[in-house]
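**Q** Residue strings, one per chain:
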Amino acid sequence: MSPSVRRAAIALGLVAVAALVPFIGLHLPWILPSTVNVVNSTGTLEVLALSFVFAGVALGYDVIFGYTGLLSLGPVMYFATGVYVFDITLTHWNWPLASALVATFAVSLVLAILLGAIALRVSGIAFTMVTLAFAQAFYYLVEDNPHGLTGGDTGLALYSSRLPAFLSGAVSNTRNLYWIALGFLVVSYAVVWLVTESETGHVLVAIRENERRLEVLGIRPFRYKLAAYTLSSLVATGGGVAYILLIGTAVPSAVASVTVTLSILVMVVLGGAGTRWGAVTGAVIYVYLQQYLLKVAAEPSFATLPAFLRVPLSQPQFLLGLIFVLFVLFVPGGIAGVVTRRRLRSAARLFDATSAVPTTIPMEEP
Amino acid sequence: MNVFLALTFSGIALGAIYFLAASGLSLIYGLMDILNFAHGLFMTLGAYVAWDVASHLPTSWGAPLLFSIAVVASIIGGALAAGLTEVLLIRPLYGRPVSQILVTIGLDLAVVGLLLGGFGSNSLSIPVPLWLIEASRVGGLDLPNSNFVALVAGVVILVALELFLHRTRYGITIRAGVENRDMVSALGINVGRAFTLVFVIGGAMAGLAGLLYAVVFSGDLISPTQGDSLLIFAFIVVVIGGLGSIRGSAVAALVVGLVQDYTNFYLGSHSGMAEIGNLSVVLLLALVLEWRPRGLFGSTL
Chain D
0 MSPSVRRAAI ALGLVAVAAL VPFIGLHLPW ILPSTVNVVN STGTLEVLAL SFVFAGVALG
60 YDVIFGYTGL LSLGPVMYFA TGVYVFDITL THWNWPLASA LVATFAVSLV LAILLGAIAL
120 RVSGIAFTMV TLAFAQAFYY LVEDNPHGLT GGDTGLALYS SRLPAFLSGA VSNTRNLYWI
180 ALGFLVVSYA VVWLVTESET GHVLVAIREN ERRLEVLGIR PFRYKLAAYT LSSLVATGGG
240 VAYILLIGTA VPSAVASVTV TLSILVMVVL GGAGTRWGAV TGAVIYVYLQ QYLLKVAAEP
300 SFATLPAFLR VPLSQPQFLL GLIFVLFVLF VPGGIAGVVT RRRLRSAARL FDATSAVPTT
360 IPMEEP
Chain Y
0 MNVFLALTFS GIALGAIYFL AASGLSLIYG LMDILNFAHG LFMTLGAYVA WDVASHLPTS
60 WGAPLLFSIA VVASIIGGAL AAGLTEVLLI RPLYGRPVSQ ILVTIGLDLA VVGLLLGGFG
120 SNSLSIPVPL WLIEASRVGG LDLPNSNFVA LVAGVVILVA LELFLHRTRY GITIRAGVEN
180 RDMVSALGIN VGRAFTLVFV IGGAMAGLAG LLYAVVFSGD LISPTQGDSL LIFAFIVVVI
240 GGLGSIRGSA VAALVVGLVQ DYTNFYLGSH SGMAEIGNLS VVLLLALVLE WRPRGLFGST
300 L
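Chains as they are written, first to last, in numbering that gives the first Met the number 0: chain D, 0 to 365; chain Y, 0 to 300.
Quick caveat, the hints were computed from the structure, so don't treat them as lab data.
From the three backbone atoms N, C-alpha and C, an ideal C-beta is built for every residue, glycine too.
You may find that some hints are simply not true.
What the hints assert, rightly or not - Going by beta-carbon spacing under 8 Å, a handful of chain D positions derived as facing chain Y:
| no. | residue |
| --- | --- |
| 1 | R120 |
| 2 | T127 |
| 3 | M128 |
| 4 | A136 |
| 5 | V295 |
| 6 | P311 |
| 7 | L321 |
Said to hold, decoys possible - Covered stretches of chain D, as calculated for chain Y (at least 3 residues, CB under 8 Å):
| no. | segment |
| --- | --- |
| 8 | 258-266 |
| 9 | 327-334 |
All chains, full assembly: derive it from the sequences and hints.
**A** This is the structure:
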């Protein structure tokens, strides 16, 4: 079996297992918090679905950050576009589902091309700052609750008679929403796979490695950068739609603030920037830790710990930030980097050439 | 007209605080190519150290003395936090600019999380002398005294920074490093020491900015996420002014402060436009980049 066929087989197998999870009533007492320690319980399915949503978004973000090497801090804007345009067209304007979907992606496409073109006029750090500023402006706009559309800080619950019954936020539908989240992840994975393995994908990596050389070869990087930016934005928008279906309420601090961007960045770096399965792994681990740590902090035995342990441990943000710092310092290339290095090392041992082991990761530029 | 003048004054005061926050960022970027996300954290830590020190001293010392000590504490707190960050986290990652940015993001997340856990998300109150809350009558206008303090701090720091950068040996090294870092180290000058120094100076100014922002614009209240929201505007000021330029930062800080203040007052009262001040600043950034992608003052110091 050629490597790509084997990889496709593994991926299909994983998807099949994930799709069957709602039918598995297994107890996992230590891995899952005691309140929801059955695999197909509503709580666990919700956490898993949320991790799939963010895995898809992280994959899209990896195209612009990991593959193209552009540190954008704007993905949350397109995620929030997905959440709010979908929510507003359905809840306020009672549009049919299909029109709402088309409108959501159309708005996201226009925004991405327009703002991407402005932001890509500058490069490096200035690009990062500009994307951050745009995303922040979007956050202020949403918080402002213009014409009562977004609900501001109180949030906007998704409610529409046009929404098919099997998709409404009722507990009995968690299983359907879980499959939708899984479907979103599979589609994003397929799209990102196709793009990154294509000729365009190679140009994107070339932009990361040496943009000037590409220009010398007569290729204009701008169009490719804008394409990568737009693709990752559209994937984030898809994630926003899946999110609002799953969670049912849009609150600015949870879907539009810079914290969301930073968590997506943390997911990609933990898993390994510039690799597809790394982004997915990072996102699943991140969401698992974030949700699980919250549950642990709520347990009564936790209250007996001394304050100097209890206070930091009850803050997922502190622990995730700490893990992130340690990864950046000591595990360059993230989880995927560790695995790749190990694989290279054993391959090198086979060829009896241990001294020639590459230990650097592709992501870092000088 | 009086309203306009009063607005102008508070806009300048806001600009002065933006300058304190942005000039450190700009220097750090100019010298080290680091987008320092922990700068907002330095502001927050400056304010919290000031609060911690002031609330542990006896109130019988009187508010003016306590506040002066708080100001000094915020500067030392910010400088210490920044110095430690550079030595412990930035230094091991020299030559890896993306990782350096990422490590400052992680540090910001972790320590803000710690502050949220330790102090809660509610705001804490800084003790200030009564004089600071009052207003003075100048030429028929009632101007808040706190705005004068911000303005004086901004001007003093600008002058001190210019003198330091142009008249001292270390300052000249830093300017040369911003211009061409490789050349400076090729001449046998220890650039590493300049890196730490720039972080310490930037952190000191950020700490002061954090405290002053709380006192002047936030009703003496501090919260764990205050620095991070200020940081966004400091970034905008740095990009508009031109990365690495102190004078650019000063001019851009004034422009941003004034635009934000005017639009907030004249347009912010309309329904659904409460955030127009913040939005207009982002719009200004987009316009400046369209017209001058390298910012107002290019990339020289």
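**Q** All the hints need checking, so say for each whether the structure fits it.
**A** Now for the hints, and whether the structure bears them out:
1. R120: Holds - the Cβ of R120(D) comes within 8 Å of chain Y, reaching about 5 Å at its closest.
2. T127: Because about 6 Å separates T127(D) from the closest Cβ in chain Y, which is inside the 8 Å limit, the hint holds.
3. M128: Holds: closest Cβ of chain Y sits about 5 Å from M128(D), inside 8 Å.
4. A136: Status holds, d = 4 Å.
5. V295: This interface hint is violated because 14 Å lies over the 8 Å limit.
6. P311: Check passed: Cβ of P311(D) comes within 6 Å of chain Y, closer than 8 Å.
7. L321: Since chain Y brings a Cβ to about 5 Å from L321(D), closer than 8 Å, the hint holds.
8. 258-266: Held - the segment 258-266 of chain D has 3 residues with a Cβ nearer than 8 Å to chain Y, which meets the minimum of three.
9. 327-334: holds (count 3)
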